[in-house]
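Colleague: Read off the chains here:
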Amino acid sequence: MSPPHLKLVPTPEPAPFYAAAEKIYPREISGRFTRLREIAVIVLLGLFYGVAWLQWDGHQALLFDLPARKFHIFALTLWPQDFLYLTLLLIIAALSLFFFTALAGRLWCGYACPQTVWTELFVWIEQWTEGKRSRRMKLDRGPWTAEKVLRKTAKQILWVALAAWTGFTFVGYFTPIRTLGTGIATLSLGAWSTFWIFLYGLATYGNAGFLREQVCKYMCPYARFQSAMFDKDTLIISYDEARGEPRGPRRRGTAARTSGLGDCIDCTLCVQVCPTGIDIRHGLQYDCIACGACIDACDEVMDKMGSPRGLIRYTTEHALHAKATHVVRPRMMVYASLLLLAGGALMYSLFTRMPLILDVIRDRNALYREVHGERIENAYSLKVINLDDKPHAYRLAVSGMPGLELTAPAEPITVASGSVSDIPARLQAPVAAAGGVHRIVLTLTALDAPRIEVHEKTRFIGPAT
Amino acid sequence: MTPGAPSSHEPQRRSNALDIALVVWPSFLAACVASLLFFAVVDPELLRDAGPRLLAGIDREAGYALGFFFFWGIGALASTLSVYLIRTDRPARRGRGTS
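Quick note, the sequences are listed as chains S and H, same order. Okay, so the first sequence: first residue is -11 according to the numbering used here, each after it adds one. Okay, so the second sequence: first residue is 40 according to the numbering used here, each after it adds one.
Errors might be hidden in some of the hints.
What the hints assert, rightly or not - Among the chain H residues that face chain S by a calculated CB cut under 7 Å, a handful are:
{"id": "1", "residue": "A79"}
{"id": "2", "residue": "R87"}
{"id": "3", "residue": "E100"}
{"id": "4", "residue": "A104"}
{"id": "5", "residue": "W111"}
To be clear, the hints were calculated from the coordinates, so they are not data collected in a lab. Because the structure is a prediction, the values reported are computed rather than measured. Idealized CB from N, CA, C, for every residue including glycine.
Extracted from the complex, chain S is given alone in its bound form:
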């Protein structure tokens, strides 16, 4: 402690280059877009927490079973061999993001991004346990009273429970959730499952409870590059400066224009409700996640003031400058056609997907073998992959050359679901017909489902003629 006669003179410090993030207390709000966002939160989280428990045909309906290396998507079972679909799906996801960003701005950020959705849920819990904005601010400033301890503890318990359940559900999409649940109930959960549940729980808590808007501001790459998809016809949330300025307080019922003021009464409600803490009146900023909370706040104020709604509204840059907005424009056509192309390719390949693969490899040791001096034999090794979700028996047939016969395998080939069978095969043809190289076709057909049939070309080699 410094002696009282010594006065500390603050040394001129360089301005801080990095401002510590100030806690944002988003004000509660109701209105059209808030309701839309609430519906989105309930539907999306309902799907997330609910679908994990759906069963389909004796297995979990949606399960990316990593331990077993197969994906169950309702009636469809995908194996690592179906890698193409994953690639197509990722391409479609990226293109959709481009398309919807160009069309309607940051719809994703405002309504569908897990960061927004879980933050919303965590804020609801916060409002429920700690009260409205002003009460929360007072509570944080005030001393640690019994009530504060109680409220904060209640919030933390609910947050941690929700985060743990989220981690559990998330891991439940990669390991069967019922097995996982039993494992927890009997305390026999594997080390890695425990680790991942803990990690995802921690991530949920950290992102939705603690980091919140900072994820969007400092961590999200999409927030930085989404402007590349924007043009003057993209739907944005904007403050109508021409209508609102000069802003200023006035008595209710005062005609704004006659007193030289714009429609903005400078109540700062649009700032208070903003989850990322920006002032939309400063123009479009990359911190804006386009949630529409400021629109709802401003509409309510405009209603009270007797002014028309929409001082802050969804609009486009063209519309703001009294020009026509074009929904159909070259950029949209390009995104849309690429999206249709990729979507069509995915649909086509899914509907024509053959759940059977046949690989034929010629025996490397000998070109051919003479049998009893009258027949020529070629040996092959077959790799039969059953991609269906049930076992099948397959019949092998050969064609493409007169007198060609299959001598092995004599029995139908049985392959379990999702398995690979290596089968040696031998073909014979009469010496008289076997000379030279022949192109032949092996056909594999499921006995119980003739639709499942593949053809594979190979060669049959006889003595040079």
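Model the placement of chain H on the given structure of chain S, informed by the hints.
Modeller: Here is chain H on its own, set in the frame of chain S:
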């Protein structure tokens, strides 16, 4: 604007916490993508059977986890280098107002 004050187009000196975030976060995202693509094609059990004795006894789940952390580590190494190179760049090239 006062001379020496950072203007918006000059790179600003960042806090250590932000530097760590700049290393850890992008490499995490990259590790997610790398794991997804890599393990879609390669079964960790095949890798174990083909690999050195060191890997024996590792099951699939451990394989996925190890692979993920391996990719994360490599990504973090690359990010660290980038951040280090930016930090140690000649001050003159970074403009005034930075040390």
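Colleague: Could you run down the list of hints and mark each one as holding or not?
Modeller: Tested hints:
no., hint, result
1, A79, "5 Å, holds"
2, R87, "14 Å, violated"
3, E100, "4 Å, holds"
4, A104, "6 Å, holds"
5, W111, "12 Å, violated"
Of the numbered hints given earlier, the model fails hints 2, 5; all others are met.
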